[in-house]
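Student: Please build the complete structure, drawing on both the sequences and the hints.
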Amino acid sequence: MFEEDHVEADGFRIRFASAGAGDGAPLVHLHGAGGLELTPAHDLLARDRRVIAFEMPGFGDSPANTRHQRMPDLARTMLEAVTALGIETFDLMGTSFGGKAALWTTLLAPERVSALVLEAPAAIRPEGHAPPQAATAEEFAALFHAHPERVPPRPLPDPALREKTWPLVMRLMAPDRDAELEDAMGSLQVPVLAVFGDRDRVIPPEMGRIYKRLLPSCHLLFVYDAGHAISTDRPEAFTEAVADFLARHERFVVSQRSTMLFP
Amino acid sequence: MEAWIFFPVTYVSDRPLPQVWPLPASVYDRATGQAAFAHALEQMEFAESLGFDGVDVAEHHYAAASLTPNPTVMAGAVSQRIKKARIAMLGSTVPLTNPVRVAEEYAILDNLTGGRLVAGMLRGTPNEFLTYGTNSDESRAMYEEGVQLVIKAWTEPEPFGWQGRHYQYRTVSVWPRPLQEPHPPVLVSGNSADAATFAGRTRLMMGLSFMPVHLAARQTALYRQTAARAGWEPGAMDMLYRGFIHVAETDEQAAAEVAHTYWKVPEGTPQPAPEVQPSYSAEAAAPDAGGVATAERAAVEANTSRALSGEQFAKMGLQFCGSPDTVFAQIERLRDETGIGIIDFVFQGPSLPHAMLMRSLELFGRHVLPRMHEL
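One line per chain: the protein sequences are W and D, in this order. Every position in the first sequence, counted from 1, becomes a number in this note's numbering once 3 is added. Every position in the second sequence, counted from 1, becomes a number in this note's numbering once 12 is added.
No wet-lab data here; the hints were simulated from the structure. It cannot be assumed that every hint is accurate.
[Stated by the list, open to error] Result set (DMTMM-like, lysine to aspartate or glutamate): computed pairs, CA atoms no more than 20 Å apart in a straight line: (1) D:K164 - W:E40; (2) W:K215 - W:E239; (3) D:K95 - D:D65; (4) W:K215 - D:E245; (5) D:K96 - D:E193; (6) D:K95 - D:E60; (7) W:K167 - W:E40; (8) D:K95 - D:E54; (9) D:K164 - W:E185.
Tutor: If you want it as structure tokens, here you go:
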């Protein structure tokens, strides 16, 4: 079960949820633009490792974040939050908006990140990409899920919350193609798994190939029949690949599935 | 309209064959089998000379009706004989194979044909699922995923992994790439409501087989509706209909040849004892409830493992049969009621000898095909 706590870092009081334990490095998760939301994938990943899911400053119930002007600013704060928890090296996972935050966090301290997982990352977008909008709860579900009929109905995000976070999201996400980020990615030696749902309607899954081209060690993975919310749409499929990658890094291409039926 | 011709590469025997599936290898005559390949290649070269627009092959297993369990191998030979017509795989049975292998094999064929490949991918009929032990309840899901994986393998320029429901690959990077950009036209089956919906939703060509015209019209309407919801409009050339055909000088002669030669089941043909017939059929067919039975599925449902008898074929009737004028009228009716632009003709009756097939083909080529091209 995930338990909530707070940590003081870089002048922010940062909420996080954590669960699990294991011999390996803990997994730090940075959420998407909608804020911290635990999915079935968090529970599955926490079976074999400690998972720490942060709520980044400016999201959820935290005060509006007007201090961070660029994504590296937020990344520096999150790195300090990890340090404040007494963690030196860790695995890192970023979802959508959090994918860009996770990339910058890794670029700031590559020696501390064992492996990086990007879930439907929003760090690279087509030029002039308009963030898709949803006017109703139904449209919202259809935007994020391959099968909106399979997810429980939920209301649209609170407009007040959106008013608070959206300027931060827009500021830190810009620009669609970030030359500084993409240049830096070229020399990142940390193994990266970039995961896209093949039915992502928020970020075109074709963006995945750019990560593959820019990053020296990047594996691109498509999760079939998943939308932008991969870890909600296909949690078991997503988690199996992520856990295998975190355990074996590049060697996860070597199959260990047994085909023996009988001895 | 376009006329394509299907080559099942049928083992045409003048001796009685047991009407069972699987057909035991013990009744196989090697010379008869080899002749089937030689005849098919001769027939397809003749068909191209007559002006047929496409030549196609398909995957079937353990049966005399078709000797191409790997149709890609046959298409490799076809690619060296057929110089202008489209060559269509109609097709590999995706749930029975490795979809990445399908992507690789089809890419070879597209190169060998100079970009004339039509990439049909099919689900298979219940008896085919027995071949390699495919779970028929999962076959539709495997099929839909497999088709998406093949297309991804052709269109994704960087190596990628695939985390599916039924398929998992850590690394896919297909060489050669198909010659056609972004990839060869993909055709999927539309014989059931689920299948027609999938074709429309995924913007792929749809193929129908052997069903009566009014049911074909129902499927094409469903295909168009689903396509409209997905934001596109299929054209006539996105829809194909496969049907049996026999042409003779007169209607009477054609009917007599069908009754006595095309579907002939020799006297004394051994039939399987009821107790040895597997009873999988109702279960196998269940996922497609509400769909339109193909000839093969009808046969399996009607009588478990028995192949279609001549009587059953005769009762269903050929979709196109008669004099050239009659056959043309049947084609016009199909076009008018369904909007289909491609007809894939099966000239090869299960027991139709080579010489009679060539005559039917020639009559069609000289007297029907030019008029069909005007439609």
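Student: Kindly indicate which numbered hints from before are broken by the structure, ordering the numbers from low to high.
Tutor: 1, 2, 4, 9
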